[in-house]
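Chemist: What follows is each chain in one-letter form.
There are 2 protein chains.
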Amino acid sequence: MNYQPPLDDIHFILHDVLKAPAHLQALNAFVDTDADLMRQVVDEAGKFVAQVVAPLQAIGDTVGCQWVQGQVTTPPGFKQAYQAFWQAGWPALACSPEDGGQGLPAVLEAVLYDMLSAANHGWTMAPGLLHGAYECLKHHGSASLKSTYLDKIASGEWLATMCLTEPHAGSDLGLVRTKASLQVDGSYRLSGSKIFISGGEHDLSDNITHLVLARLPDAPAGPKGLSLFLAPKVMPDGTANGVHCDRIEEKMGLHGSPTCAMRFDEATAWLIGEPSRGLNAMFVMMNAARLHVGLQGIGLLDAAWQKADVYAQERRQMRAPKPLMSTTPDPISEHPAMRRILSTQRAWIDGGRVLAYQTAVELDLAKHHPDAARRQSAQQWCSYVTPVLKAAWTAQAFKGSSECLQVFGGHGYVREWGIEQIVRDSRVTMIYEGTNEIQAIDLLVRKVLPDGGVGFFEFLQTLTVELNLDDDLETHESAQLLSRITDLKALTRTLANAAKTNIELPYWVADDYLRAIALILLDWAWLQIKQATPADPKHADSGRWTEPASAMRHWVSPEFNLCMSIMQARL
Amino acid sequence: MNYQPPLDDIHFILHDVLKAPAHLQALNAFVDTDADLMRQVVDEAGKFVAQVVAPLQAIGDTVGCQWVQGQVTTPPGFKQAYQAFWQAGWPALACSPEDGGQGLPAVLEAVLYDMLSAANHGWTMAPGLLHGAYECLKHHGSASLKSTYLDKIASGEWLATMCLTEPHAGSDLGLVRTKASLQVDGSYRLSGSKIFISGGEHDLSDNITHLVLARLPDAPAGPKGLSLFLAPKVMPDGTANGVHCDRIEEKMGLHGSPTCAMRFDEATAWLIGEPSRGLNAMFVMMNAARLHVGLQGIGLLDAAWQKADVYAQERRQMRAPKPLMSTTPDPISEHPAMRRILSTQRAWIDGGRVLAYQTAVELDLAKHHPDAARRQSAQQWCSYVTPVLKAAWTAQAFKGSSECLQVFGGHGYVREWGIEQIVRDSRVTMIYEGTNEIQAIDLLVRKVLPDGGVGFFEFLQTLTVELNLDDDLETHESAQLLSRITDLKALTRTLANAAKTNIELPYWVADDYLRAIALILLDWAWLQIKQATPADPKHADSGRWTEPASAMRHWVSPEFNLCMSIMQARL
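As they're listed, the protein sequences go chains A and B.
Position 422 of the first sequence, counted from 1, bears residue number 422 in the numbering used here, the numbering being contiguous throughout.
Position 365 of the second sequence, counted from 1, bears residue number 365 in the numbering used here, the numbering being contiguous throughout.
It should be emphasised that the hints constitute simulated quantities derived from the structure, not laboratory data.
It is possible that some hints are incorrect.
Each pair may be met inside one copy or between any two copies, as identical chains are not told apart.
With a cut-off of at most 30 Å between alpha-carbon atoms, the simulated DSSO-like pairs for lysine-lysine come out as follows [stated by the list, open to error]:
{"no.": "1", "residue 1": "K79", "residue 2": "K489"}
{"no.": "2", "residue 1": "K146", "residue 2": "K447"}
{"no.": "3", "residue 1": "K322", "residue 2": "K489"}
{"no.": "4", "residue 1": "K47", "residue 2": "K489"}
{"no.": "5", "residue 1": "K47", "residue 2": "K500"}
{"no.": "6", "residue 1": "K367", "residue 2": "K138"}
{"no.": "7", "residue 1": "K19", "residue 2": "K447"}
{"no.": "8", "residue 1": "K224", "residue 2": "K399"}
{"no.": "9", "residue 1": "K79", "residue 2": "K146"}
{"no.": "10", "residue 1": "K322", "residue 2": "K224"}
{"no.": "11", "residue 1": "K79", "residue 2": "K500"}
{"no.": "12", "residue 1": "K399", "residue 2": "K179"}
{"no.": "13", "residue 1": "K322", "residue 2": "K500"}
{"no.": "14", "residue 1": "K179", "residue 2": "K19"}
{"no.": "15", "residue 1": "K47", "residue 2": "K179"}
{"no.": "16", "residue 1": "K146", "residue 2": "K399"}
All figures in this text were calculated on a predicted structure; none of them were measured in a lab.
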């Protein structure tokens with residue numbers, strides 16, 4: 001079974017839960033983006049994903065990408081699908097009209113990539129970095145560089161890469177050795193080796209635009225000596241640049257995406273932004289990529305859940321325990337252990353979708369809201385929530401898709417049903433764009449603690465403004481959320497104090513801290529869903545939202561206390 | 001790096017922690033098995049594993065097994081290694097001398113399979129079922145069947161399979177349709193299809209002995225109508241039997257072991273045990289197999305830990321947080337997040353080894369102890385601990401090997417270091433020999449609750465007899481274990497009562513219940529290790545046992561409260 005975009009769920013979250021159209025139409029940039037337009041775009045995206053991209057999921061794994069003498073061939077059908085994708089205007093969805101884009105809100109792009117990742121993670125890696133490259137070039141590129149590359153990247157006619165990692169420099173970019181030297185014409189010569197470059201070479205687009213971190217001759221050591229360069233595969237005059245793909249990696253999964261070892265051999269390149277400010281320019285791209293990876297986590301988990309849900313309703317084994325036992329085997333969807341697995345994944349999927357879409361809305365509020373204070377709170381939201389989405393939802397994609405595999409029993413371990421592919425594919429999301437451990441350090445050590453928690457407490461405050469403690473239905477959950485926020489603030493203060501004399505301490509608890517926030521955010525997301533549910537009796541009746549809400553309460557939310565107790569024991 | 005058997009650890013656990021030689025030498029069956037002999041056998045086994053089996057780990061995955069027209073070829077080197085293995089007498093280690101075995105204690109076989117699974121899970125699948133088949137045939141086979149097959153199976157000259165699953169009958173064996181009909185010569189004709197048969201066909205041994213669940217013509221429906229049969233690949237007269245391998249499965253991992261779809265086409269077979277008592281006879285084999293799978297979990301996790309530990313000491317990225325910061329990047333083994341991953345896995349490996357080896361000792365006590373009460377308590381130990389070892393340690397093998405993969409960052413996701421193979425290989429251990437959910441139901445619903453918890457409380461009592469509440473070093477941990485046991489007993493009583501009117505309830509909490517016991521058993525195992533540690537100052541000084549003990553306290557043990565709170569919320 002191919003992935004089916006869950007359009008009803010997505011509309012419900014965008015419109016009923018988040019009221020995204022109202023928030024966005026209040027901004028000058030999106031006055032014309034009404035609810036109908038948003039529905040249409042989502043429906044069309046769903047059609048494209050289901051008809052063009054989803055059917056290529058299995059072949060992406062079984063045939064995979066092939067490297068022969070520096071050329072990479074993508075699996076059959078991938079190129080046609082990509083050509084159809086950019087020609088239909090999908091990469092340009094959220095790009096500015098002045099660059100040939102459609103000027104739609106970021107949240108529609110988020111919906112698109114949620115569905116694309118679920119349908120075919122490997123294929124989706126190719127366009128996945130485009131919007132980040134677009135933003136990076138738009139904000140930091142020179143006028144002449146933009147005139148050649150910006151509209152090609154905005155449209156997706158040319159794909160883009162992000163060349164950071166080197167064999168000895170993974171999480172530690174300060175160790176990057178690739179060198180750049182200035183030429184008389186103002187261009188640079190790049191030399192060095194990069195590894196783990198997704199889409200470093202392929203046959204999907206006519207040209208590939210590489211964004212490369214490298215070091216100028218007089219640059220200081222460490223991360224502050226890095227500059228960012230643009231090096232195309234094909235030069236403007238049509239000749240080949242000195243950019244070579246030496247091999248593609250044999251990986252655990254994600255065979256539909258070529259992971260390339262790239263060699264820049266006196267390649268011609270141009271500086272993006274200021275010398276030695278490369279990480280600053282790259283940061284635009286990395287931040288976009290982190291939200292993107294969080295969306296991959298949600299999409300992959302949804303794809304795994306769909307497969308397991310269908311299987312569990314068809315497969316009959318043993319009689320399920322119930323007051324009136326059946327006389328023949330029941331569908332395994334009726335067995336408690338299977339129901340628990342399925343509804344727990346939905347709690348993460350639905351809650352994650354609320355948070356990721358809200359983050360995409362906040363991205364636009366941060367850019368376009370007339371009120372500076374609102375722009376700042378939107379900025380805070382993105383800053384604190386993005387690493388949590390990246391780390392917690394990729395971890396859940398792997399753990400949860402493995403639990404969905406369990407629903408299939410032995411049939412899950414064989415290729416036939418495609419569930420084991422999702423487990424293998426999803427594993428890399430916990431690593432790339434900054435390992436999940438790095439996300440936790442980014443959140444606690446770089447963002448929360450430096451101001452003693454002040455900014456973070458402001459953000460937490462925004463989670464409580466719409467809580468309704470008078471409504472019987474929600475009093476318990478609302479009170480729990482408030483009390484958890486209070487506890488987390490107290491712990492943060494203690495931690496900030498203790499960290500002054502114990503510099504190791506925050507590093508020991510960073511993973512638990514991020515996890516605790518993930519659970520608070522999930523509680524918040526499910527309160528939003530509940531507040532919207534009564535408005536739609538069809539949903540409320542069916543158990544569609546009540547069963548995962550109950551899984552949230554029984555099996556997901558209690559872990560918060562475990563995270564807190566582990567942290568408290570170290571203070 | 002190939003797996004290196006951790007001989008010092010194994011000796012320490014067998015001799016200093018468990019005092020296995022003293023317990024075993026007190027039995028008539030093992031009066032000659034002194035500490036020196038046990039050391040020698042373990043050392044020799046370690047040599048064989050390291051020199052012959054471990055080097056074939058990668059090729060088992062990359063080349064894998066090949067099926068051509070009904071014949072299965074195992075990866076290069078597998079056959080030679082297997083021939084050397086049985087000819088050296090390893091399968092016969094714990095078989096009775098009257099059957100050509102060496103009559104050594106079961107715990108030595110447990111050590112052997114712990115190491116073998118770590119070194120090469122795929123290869124080890126082939127001999128892994130031998131001892132269970134031997135026990136099954138020995139206790140239930142007719143004299144004439146034994147005269148042909150028992151010594152060949154004891155020696156391992158002929159390998160054996162366990163043919164249970166059918167396409168529509170996975171966890172629900174009652175649905176088995178394979179048919180057997182009696183012939184005039186007292187043999188049977190078997191017809192039907194079996195799937196997921198590990199080692200159903202291969203080139204490792206000259207003959208394969210299939211133990212097959214099937215139904216006689218007049219048998220009742222359901223599991224009580226199943227009989228067990230022996231059907232050889234090659235008949236005693238040298239002709240081929242009607243046993244066909246129609247394909248091998250494409251799997252997520254474990255490519256070194258052929259997972260066969262078998263077709264019995266009027267195959268000649270002989271009844272083992274009584275008609276319609278097949279599950280009873282098969283049960284001997286399944287119980288042995290469950291402990292075996294628990295050992296696989298421990299071994300696989302150890303293999304993953306070894307790889308990650310070596311890598312973490314060599315790979316330098318960023319400076320680790322410490323009072324006197326380095327001026328250059330530190331080994332990642334010094335970064336808190338990596339230390340946490342590594343020492344947490346050791347807590348599970350060491351604790352699991354204590355429990356699994358103790359279980360193997362109890363297997364022999366249950367058979368050979370002169371005191372009936374001690375035999376009964378040994379039987380209880382095996383009955384309650386086996387499903388916990390199977391479920392919790394296979395879950396940890398997958399989760400923990402994935403965490404070890406994380407230590408490698410992007411390098412863990414590519415094949416080169418072999419860590420992703422362990423993650424893929426280990427996943428199936430959560431499924432086969434009864435899914436982990438089935439183990440939890442077996443434990444709570446079939447074993448603990450039927451007598452209201454009485455037998456289980458007797459077992460829990462045995463965990464407390466040697467606790468030393470006067471020793472300052474251990475008071476805290478001992479007191480915690482006692483209090484947890486008290487809490488679990490109270491919860492069990494409430495649960496047993498509530499289950500009388502709510503038959504679904506135990507099924508909803510079975511997974512948490514098993515998990516809570518796993519954590520209690522781990523606490524117990526670490527108390528045993530601590531009591532033994534001061535005797536060996538070399539170990540105590542090095543942090544070898546103190547660092548995982550601290551991980552146990554900080555990160556593993558606290559989950560007990562989570563399990564309890566999840567269960568309590570349903571009562």
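Chemist: Each hint needs a verdict: does it hold in this structure or not?
Modeler: Status of the hints after comparison with the structure:
no.	hint	verdict
1	K79 / K489	neither (50 Å within a copy, 62 Å between copies)
2	K146 / K447	neither (32 Å within a copy, 71 Å between copies)
3	K322 / K489	between (44 Å within a copy, 25 Å between copies)
4	K47 / K489	neither (45 Å within a copy, 55 Å between copies)
5	K47 / K500	neither (54 Å within a copy, 51 Å between copies)
6	K367 / K138	within (14 Å within a copy, 77 Å between copies)
7	K19 / K447	within (29 Å within a copy, 52 Å between copies)
8	K224 / K399	neither (37 Å within a copy, 37 Å between copies)
9	K79 / K146	within (26 Å within a copy, 62 Å between copies)
10	K322 / K224	between (64 Å within a copy, 22 Å between copies)
11	K79 / K500	neither (54 Å within a copy, 61 Å between copies)
12	K399 / K179	neither (40 Å within a copy, 40 Å between copies)
13	K322 / K500	between (57 Å within a copy, 12 Å between copies)
14	K179 / K19	neither (49 Å within a copy, 61 Å between copies)
15	K47 / K179	neither (45 Å within a copy, 49 Å between copies)
16	K146 / K399	neither (42 Å within a copy, 46 Å between copies)
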